[in-house]
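Novice: The residues making up each chain are set out below.
2 protein chains.
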Amino acid sequence: MTTPQRITNDRLNAFCNDTEAYLSGSPTGPLAGLAFAAKDILDVAGHVTGGGNPDWKATHPPSERTAWVVQTLVDAGATMVGKTHTDELTRGIFGENVHYGTPVNASAPDRVPGGSSSGSASAVSGGLVDFALGSDTGGSVRIPSSFCGLYGLRPTHNRIPLNGILIQAPSYDTIGWFARDIELFARIGDVLLQHSNRTEMRPQRLILAQDAFELADPATVEALQPHVAAVTALIGNVQNERISHTSLADWAQRQLVLQGREAWASVDEWIDEVNPRFAFNVAERYTMGRSFTDEDVEEAQEVRTQIRTRVGELLGDDAFICLPTAVGPAPLRGGTQQERAALQVRNSRLTTIAGNSGSPQINLPLAQVPLPDGSSAPIGLSLIGPRGSDEALISLAQELAQASS
Amino acid sequence: MTTPQRITNDRLNAFCNDTEAYLSGSPTGPLAGLAFAAKDILDVAGHVTGGGNPDWKATHPPSERTAWVVQTLVDAGATMVGKTHTDELTRGIFGENVHYGTPVNASAPDRVPGGSSSGSASAVSGGLVDFALGSDTGGSVRIPSSFCGLYGLRPTHNRIPLNGILIQAPSYDTIGWFARDIELFARIGDVLLQHSNRTEMRPQRLILAQDAFELADPATVEALQPHVAAVTALIGNVQNERISHTSLADWAQRQLVLQGREAWASVDEWIDEVNPRFAFNVAERYTMGRSFTDEDVEEAQEVRTQIRTRVGELLGDDAFICLPTAVGPAPLRGGTQQERAALQVRNSRLTTIAGNSGSPQINLPLAQVPLPDGSSAPIGLSLIGPRGSDEALISLAQELAQASS
Chain X
1 MTTPQRITND RLNAFCNDTE AYLSGSPTGP LAGLAFAAKD ILDVAGHVTG
51 GGNPDWKATH PPSERTAWVV QTLVDAGATM VGKTHTDELT RGIFGENVHY
101 GTPVNASAPD RVPGGSSSGS ASAVSGGLVD FALGSDTGGS VRIPSSFCGL
151 YGLRPTHNRI PLNGILIQAP SYDTIGWFAR DIELFARIGD VLLQHSNRTE
201 MRPQRLILAQ DAFELADPAT VEALQPHVAA VTALIGNVQN ERISHTSLAD
251 WAQRQLVLQG REAWASVDEW IDEVNPRFAF NVAERYTMGR SFTDEDVEEA
301 QEVRTQIRTR VGELLGDDAF ICLPTAVGPA PLRGGTQQER AALQVRNSRL
351 TTIAGNSGSP QINLPLAQVP LPDGSSAPIG LSLIGPRGSD EALISLAQEL
401 AQASS
Chain F
1 MTTPQRITND RLNAFCNDTE AYLSGSPTGP LAGLAFAAKD ILDVAGHVTG
51 GGNPDWKATH PPSERTAWVV QTLVDAGATM VGKTHTDELT RGIFGENVHY
101 GTPVNASAPD RVPGGSSSGS ASAVSGGLVD FALGSDTGGS VRIPSSFCGL
151 YGLRPTHNRI PLNGILIQAP SYDTIGWFAR DIELFARIGD VLLQHSNRTE
201 MRPQRLILAQ DAFELADPAT VEALQPHVAA VTALIGNVQN ERISHTSLAD
251 WAQRQLVLQG REAWASVDEW IDEVNPRFAF NVAERYTMGR SFTDEDVEEA
301 QEVRTQIRTR VGELLGDDAF ICLPTAVGPA PLRGGTQQER AALQVRNSRL
351 TTIAGNSGSP QINLPLAQVP LPDGSSAPIG LSLIGPRGSD EALISLAQEL
401 AQASS
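So the sequence lines, in the order shown, correspond to chains X and F.
Everything in the first sequence is counted per our numbering, starting at 1 for the first residue and increasing by one.
Everything in the second sequence is counted per our numbering, starting at 1 for the first residue and increasing by one.
Only chain X is shown next, with the shape it has when bound in the complex (with noise of 0.2 Å):
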């Protein structure tokens, strides 16, 4: 077996050119082999985590320490063959960095990957790794897995270590992964969910999310529509649900907040002192993380209480949600702020389900819109389930590519 080389030939723009961070896997371990890349915000012993923003690489030392995430890949084989793009500080979910510019989405090419995992995306979509490290605190591997047509995971929170990361929104964080065939993304999952509480079920119910359903493109739901029969048919009971009982787009205005001021929290000391340079629209994002006001976070957090109680009793221990990954694919490169600001409104009022109520996640990237020019590009279908239930989401994804085939 040999031990995959960094890459020289990045013709998708998904890897950092500015560093060297190579770990070279365990020469046994069941992803032996296998080479991954690491979203840039997960350290490397003895490199700077970039960030996706050029200050926060020029004033940070090198990682004395690889994220645990990282090393426990590399102990169970995997090469670690670069870092890849992210938007900056994980602030996005096109995927367009101004200062690194928008990796490539193979799917889908005049189209952005989704973000902030967009350079692992992009590397996976595009065959130059086997899979893929992201993370995810407001839909970074759910976006973009949607909008690349690849399986990918937010796993629980607080499932994944989060040590050696570059955080954003501790409440919110998660670190997850990509893959493009299931039977590989399960062997990830077997490596990086065994340390960790888990919780056995098999889904007896499908809960459609009504809401969320509404909130997507009609076209977007006519394509998922053949794959929502599918899952239908594996799980046997299906109900409707409106998931929220005020509004999902609530519920993502609450996550603005409480994400919102976290993040504000965990750089503020930085931007204070450096000053840095962002893009307007990420810099937009801290000054509003900022504005918010102790009661307004309050408010949201005595919300997001509501939303656990709501998520977890709609789930019980023998349910998963079904929903759109996004409200449509992704969008053509090059649109202006005010749409991106839009479609990121819609979209978080998907991702802020799983968001808001820690519950893992997984994109199944099952179908294609058909597009006005005769092409078309991949959307994913969501199913969200229990807390702990992570491997029960993979299995249910392995049986249903197994039915299909």
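One or more hints might be untrue.
When chains are identical, the list treats them as one kind, so a pair holds in a single copy or across two.
Each computed SDA-like pair below joins lysine to any residue, with the alpha-carbon atoms no more than 25 Å apart [what the hints assert, rightly or not]:
(1) Lys57 x Asn9
(2) Lys57 x Ser24
(3) Lys57 x Thr309
(4) Lys57 x Ile182
(5) Lys57 x His47
(6) Lys57 x Pro161
(7) Lys57 x Gln338
(8) Lys57 x Ser266
(9) Lys57 x Glu20
(10) Lys57 x Glu339
(11) Lys57 x Gly335
(12) Lys57 x Ile7
(13) Lys57 x Leu184
(14) Lys57 x Arg11
Quick caveat, the hints were computed from the structure, so don't treat them as lab data.
Please arrange chain F on chain X, whose structure you already have, making use of the hints.
Specialist: Chain F only, in chain X's frame:
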């Protein structure tokens, strides 16, 4: 007489090194043989105006025409030897540009030069040119004049045509200039002010702005005291007045609203299209400008009308207002953003008097503030005159220089 050459050994980082803009002065004319620099918000035909922001520069075409003020000086014989650095899109009063660095204040090399006309003030302070053009919306000529120990004028609003400049906030924008020597300074005024309405006057009263002096550092007030006495002796009658019936803080806050909204309107479409990189504190200003409501703007407009009435009544047609140009000397290079923001707020309470009233204000580089380490740094005394009294301000500065020599 030899024609001045382009600056090739810019040891001060005053000049933009990414433009070849150079305009040889007319061989005859009152300014023949003089070298000047133009802030890089002034258009020169065939060259892109950079505005202190690389994304602005990258997304704008070369200018078709040369700014009126530059062409007028060239026609009068002066040679424009280069373009100078500015705070991004003129948003700032300290001269610390994260993209291009901080020009050196030759009069206090460990301190900032002031901004936004930072490179122009630096070039004049270090003797690289005879004089330089800047712009002043919220203090961008006056503050660097004071910090670098230069004569500097914010002219009467709309006296010098703004054709061919990068607009920040049209109802506050002015073009001014810097020189080390008042006689040369006056010669520039003869050229730039001849084309528009002049108010003939000789001040009979000096109004000491009590509320402005109260805002300044005690050491600054003390350093200015002998020069206040000298001006008083020249004019004869002196009276103490509080300029604002409410507070100068309130006046500055109204300018923040009006200037902020106008500044946002000047760039919002470009920002939407380009998502440009800004220093955090610059993006912050734009998001703040955008956040003001129509009601905020209406209230501020009403107050501005009252300010104009109040300042007009104080000045009549025979008085100058005397005040510190800045609350203190230039701060040391490399401060935190919180320090900068607090100092900007304090200084804005002084600069807003001429800003909101549209009156001309001249900085007299007369004093040095002693510093704890035994050195000293420049601080300026300012005179504000009735609208159109620009020449009278310059004349008084000349008299004062003659009286003290």
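Novice: Does each hint hold? Answer for all of them.
Specialist: These are the hints, each one checked on the structure:
For a Cα distance limit of 25 Å, the shortest separation of Lys57 from Asn9 inside one copy, 23 Å, qualifies, whereas the shortest one across copies, 31 Å, does not. In the homo-oligomer, the alpha carbons of Lys57 and Ser24 lie at most 25 Å apart inside one protomer (24 Å), although the nearest pairing across protomers, at 43 Å, exceeds that limit. In this assembly of identical chains, Lys57 and Thr309 lie within 25 Å of each other by CA distance neither inside one copy nor across copies; the values are 40 Å within and 52 Å between. With identical chains, the CA atoms of Lys57 and Ile182 are never at most 25 Å apart, being 34 Å at best within one copy and 47 Å at best between copies.
With identical chains, the CA atoms of Lys57 and His47 are at most 25 Å apart within one copy only, with a shortest distance of 10 Å there and 33 Å across copies. In this assembly of identical chains, Lys57 and Pro161 lie within 25 Å of each other by CA distance solely inside one copy; the values are 23 Å within and 44 Å between copies. Taking identical chains as interchangeable, the C-alpha atoms of Lys57 and Gln338 lie at most 25 Å apart only when they sit on different chains, with a minimum of 22 Å there against 29 Å within one chain. When the C-alpha separation of Lys57 and Ser266 is checked against a cutoff of 25 Å, the pair qualifies only within one copy, where the shortest distance is 16 Å, while the shortest distance between copies is 32 Å.
Taking the closest pair of Cα atoms, Lys57 and Glu20 come within 25 Å of each other only inside a single copy of the chain (14 Å); across copies the shortest separation is 32 Å, beyond that limit. In this homomeric assembly, Lys57 and Glu339 come within 25 Å of each other (Cα to Cα) only across copies, at 24 Å, whereas the closest approach inside a single copy is 29 Å. Taking the closest pair of Cα atoms, Lys57 and Gly335 come within 25 Å of each other only across two copies (20 Å); inside a single copy the shortest separation is 27 Å, beyond that limit. When the C-alpha separation of Lys57 and Ile7 is checked against a cutoff of 25 Å, the pair qualifies only within one copy, where the shortest distance is 21 Å, while the shortest distance between copies is 34 Å.
When the C-alpha separation of Lys57 and Leu184 is checked against a cutoff of 25 Å, the pair qualifies neither within a copy, at 33 Å, nor between copies, at 47 Å. For the identical chains of this complex, Lys57 and Arg11 are intra-copy neighbours only, at 23 Å inside a copy versus 28 Å across copies, given an alpha-carbon limit of 25 Å.
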